[in-house]
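74 is the number that numbering that gives the first Met the number 0 gives to position 75 of the sequence shown; each next residue is one higher, with no gaps.
Hints may contain errors.
Straight-line distance between alpha carbons at most 20 Å, and here's what the computed DMTMM-like set of lysine to aspartate or glutamate pairs gives [claimed, not checked]:
{"#": "1", "residue 1": "K91", "residue 2": "E80"}
{"#": "2", "residue 1": "K72", "residue 2": "D54"}
{"#": "3", "residue 1": "K91", "residue 2": "D26"}
{"#": "4", "residue 1": "K94", "residue 2": "D26"}
Keep in mind that the hints were calculated from the coordinates and are not lab data.
This structure is a prediction, so every number in the text was calculated from the model and none was measured.
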Amino acid sequence: MTSSHAFWLAGRQVSGEDSFDVTSPWDGRLVGTVGVPTDAQVEEAVAAAYAVREDFAATPAHVRAAALDHVSKRLAERTEEIAQLISAENGKPVKWARGEVGRAVSVFRFAAEEA
0 MTSSHAFWLA GRQVSGEDSF DVTSPWDGRL VGTVGVPTDA QVEEAVAAAY
50 AVREDFAATP AHVRAAALDH VSKRLAERTE EIAQLISAEN GKPVKWARGE
100 VGRAVSVFRF AAEEA
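Start from the sequences and build out the full structure, keeping to the hints where you can.
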């Protein structure tokens, strides 16, 4: 099963003018297709991030902590799905991929505690 994915740009889902096939290094099968942003889209993304920098910097700590905690919980809930994807796209054993997801969960949890 393969899927095609656009990318997020300034709060909306868009596609680039080109796409990139992701294949498994293990068996060469097509895992999915991702959109490749144009140079102009990259510039737009940077400009959009820059435009909200002051608002984001003023976000209260408890709001940032809640957002980071939410990411940590969602990653934990989807550990197996994410581990399978990591394994498919780079050939890493699923056991190691689960560990990678676990580290991401821990990093976001720690960041939430420190926010």
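Now the hints, each set against the structure:
With a CA separation close to 14 Å, the supplied pair K91 and E80 stays within the 20 Å bound. A threshold of 20 Å between alpha carbons decides the hint, and for K72 with D54 the separation of about 25 Å lies outside it, so the pair is violated. A hinted pair counts as satisfied when its Cα atoms are at most 20 Å apart, and K91 with D26 qualifies at roughly 12 Å. The hinted pair formed by K94 and D26 meets the criterion: a straight-line CA distance of about 18 Å does not exceed 20 Å.
Of the numbered hints given earlier, the model fails hint 2 alone.
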